[in-house]
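Engineer: We have chain A; now place chain B onto it with these hints.
From first to last, the protein sequence lines are chains A and B.
The first sequence begins at 70 in the numbering used here and counts up one residue at a time.
The second sequence begins at 50 in the numbering used here and counts up one residue at a time.
Treat the hints as calculated values from the structure; they're not laboratory data.
Think of the CB as a built atom: it goes at the ideal place given N, C-alpha and C, for glycine as much as any other residue.
Keep in mind that the hints are not guaranteed to be accurate.
[Unchecked claim] Sample of chain A residues at the chain B side, in silico, Cβ under 7 Å:
1. 108
2. 114
3. 115
4. 118
5. 125
6. 129
[Unchecked claim] List of simulated lysine-lysine pairs, DSSO-like, C-alpha gap at most 30 Å:
7. A:142 - B:542
8. B:542 - A:78
9. A:139 - B:75
10. A:134 - B:371
11. B:542 - A:144
12. A:142 - B:369
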Amino acid sequence: MKEGRLFDKPKHVKRLLMGFYIFLLLLIVADLFLPKHPAFPWEEYPSFYGAYGFVACVSLVLASKYILRKMVKRKEDYYE
Amino acid sequence: MNNSFPAAAILIVGALLIPFLKGRLKSAYLLLLPVIAFVNVVSIPEGIHWTVGFLDYDLIFGRVDRLSRVFGYMFTIVSFMGTLYALHLKKEDGQHVAAFIAAGSALGAAFAGDLLSFFIFLEMTTIASTYLIWARRTEASYGAGLRYLVVHLFGGLCLLAGILIQAHQTGSLEFGVIGLNGLASYLILIGFGINCAFPALHAWLPDAYPEATITGTVFLSAFTTKVAVYSLARAFPGTESLIWIGAAMTAFPIFYAVIENDLRRVLSYSIINQVGFMVVGIGIGTSLSMNGAIAHAFNNILFKALLFMSMGAVMHQTGKSKATDLGGLYKTMPLTTLFCVIGAISISGVPFTNGFVSKSMILGASANEGMAMLSLVLLFASAGVLHHAGIKVPYFTFFSHDSGIRTQEPPLNMLLAMGMAAFLCVFIGIFPGPLYSILPFPVDFIPYTGTHVLNQLQLVSFSVLAFCLLLLSGIYPAEMRAINIDVDWFYRKGAKGFYRLADRLLGVKVDASLPRVDGTDREVIHGNEDRNIQT
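This is chain A alone, in the form it adopts within the complex:
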């Protein structure tokens, strides 16, 4: 079977990321124009959901890496 090489070439990955960044920009712009019906005050801020998702994920990863992993990581044969 012929191997797909789609994601091996840096050029392709770069293009993919570029497309993704443009998509993110569109989301930010769309948010400025869409009428909002806020249930909570924070929903009135522009692009609140994007910002929240970004901050949530970064803090999730940092907390897992620097706090949880330090506490719970053991060797694979720990229980044997």
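Structural biologist: Frame of chain A, contents of chain B only:
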């Protein structure tokens, strides 16, 4: 004619015939059983059926209403998919029988009208599930299965004690709304809570599910926790403490999922996270939130089975399930990659997948009740789901650095089962109407408004951005060959300590080591032989 048997009996009694059949007839029979059970679930009229007198009480094996029927649909549909996925196992009758007994017992529990028959079916699910863990025939699966059994038997004892006190106090075994109001109800809640993987009672799940057989895990992921969700929806709707128990369930497993190396264990943590959303919905207790919880259970069974099936397909082909061992498989398993990605975007709640149409109901219910803190926790958990189940699982398996593994797609039956699950995930996402029409309460909810879609797209896309930037900057934690201890540490190390103490006190050498079992995974070896992997 269909209504002369409860659906549970069709699967459980039907399972006993499996060892006597061979070849194509057996395959056809295996696929036919869940279809008959499904037709049965569709066609039983609402009401009470199959009542059997037992001592002074009535055991009710067929209480059919909108709540039990929707769980009946779920369990029969996933039985069909799971059976199709396992159809290539020609010499594993035990696994087929156990899977059908687990499915039949789950159906029995969903249609049980009294607490005692519910309890009996729940215990049967436990035993059948234990078999599906042990059937892997590795030392790790033997230990994990034993711990699974002991923890669930303990949960069963709590439940039984609660039921007996309840029956003594009220003179009735009726399985209806119980609510938190005294010792009996607390014991029953703990019994349900162990099956539901409440925080601190959850460790059996990520301990046992990744050690079960490739095909068994698909069944396990569907039944135990969803029966528990059903029992909470039946007995504890609107119980406020469930809101915070559920919120904790959505949040804490995602931290573990980020640092876990075994991708089937990542998916196991993600079950707890998803069930957390359902528990929150039940805790809020409005018709929107209850509908959301049930709809999410339905959808979760589909995308969680799909994710476990795609990881199982990888394991069947390569014998590996750890992020450190995998990568680059999209080149040789493009269809499996596609199915896994559909499961991943569904669980992340991307618009036009089934995860979106049900999770937004729970988030909407939380907003309707003005629960600000809860809404923020659930949003955090939604971003976290995307991170571990949505990106981590497909990325480290199929993309990431090339592991050098060259293999091929799994057998056709596995592809068909994954294709069916993937189709349903997208179909329900685009046309949620049929799902909404079978929910317990009338649905007055429109998932596809501009704001809903945009907010969710922002949440998801910027979480992806966070993943990309962390990965590109090298901050993302490297996958490591390591395990992470969880609360099962207390009984795993505790048991060893107990044996040591017994040695000291009694002066007798107690052999705490596990009996040796044939330490090979037949399924994987079978796959390797067939497919001649080049690594």
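Engineer: For every hint, state whether the structure bears it out.
Structural biologist: Consistency of the hints with the structure:
At its closest, the beta carbon of residue 108 of chain A sits 4 Å from a beta carbon of chain B; the interface hint therefore holds under the 7 Å criterion. Interface restraint check: residue 114 of chain A against chain B, minimum CB-CB distance 12 Å, threshold 7 Å, status violated. Checking residue 115 of chain A against chain B: minimum C-beta separation of about 10 Å lies over 7 Å; hint violated. Because the beta carbon of residue 118 of chain A sits about 4 Å from the nearest beta carbon in chain B, less than 7 Å, this interface hint is met.
A cut of 7 Å between beta carbons decides the hint on residue 125 of chain A: the least distance to chain B is about 4 Å, and the hint holds. Hint status for residue 129 of chain A relative to chain B: holds, with the closest Cβ pair at about 5 Å, below 7 Å. Distance check on the hinted pair: residue 142 of chain A and residue 542 of chain B sit about 15 Å apart at the alpha-carbon level, within 30 Å; holds. Taking the CA atoms of residue 542 of chain B and residue 78 of chain A, the gap is about 48 Å. The hint is violated against a cut of 30 Å.
The hinted pair formed by residue 139 of chain A and residue 75 of chain B fails the criterion: a straight-line CA distance of about 51 Å is larger than 30 Å. For the given pair, residue 134 of chain A sits about 18 Å from residue 371 of chain B by alpha-carbon distance, which is consistent with the 30 Å threshold. For the given pair, residue 542 of chain B sits about 15 Å from residue 144 of chain A by alpha-carbon distance, which is consistent with the 30 Å threshold. In summary, the hint linking residue 142 of chain A to residue 369 of chain B is supported, as the alpha carbons are separated by about 21 Å, within the 30 Å threshold.
Going down the numbered hints, you'll see the structure goes against 2, 3, 8, 9, while the others check out.
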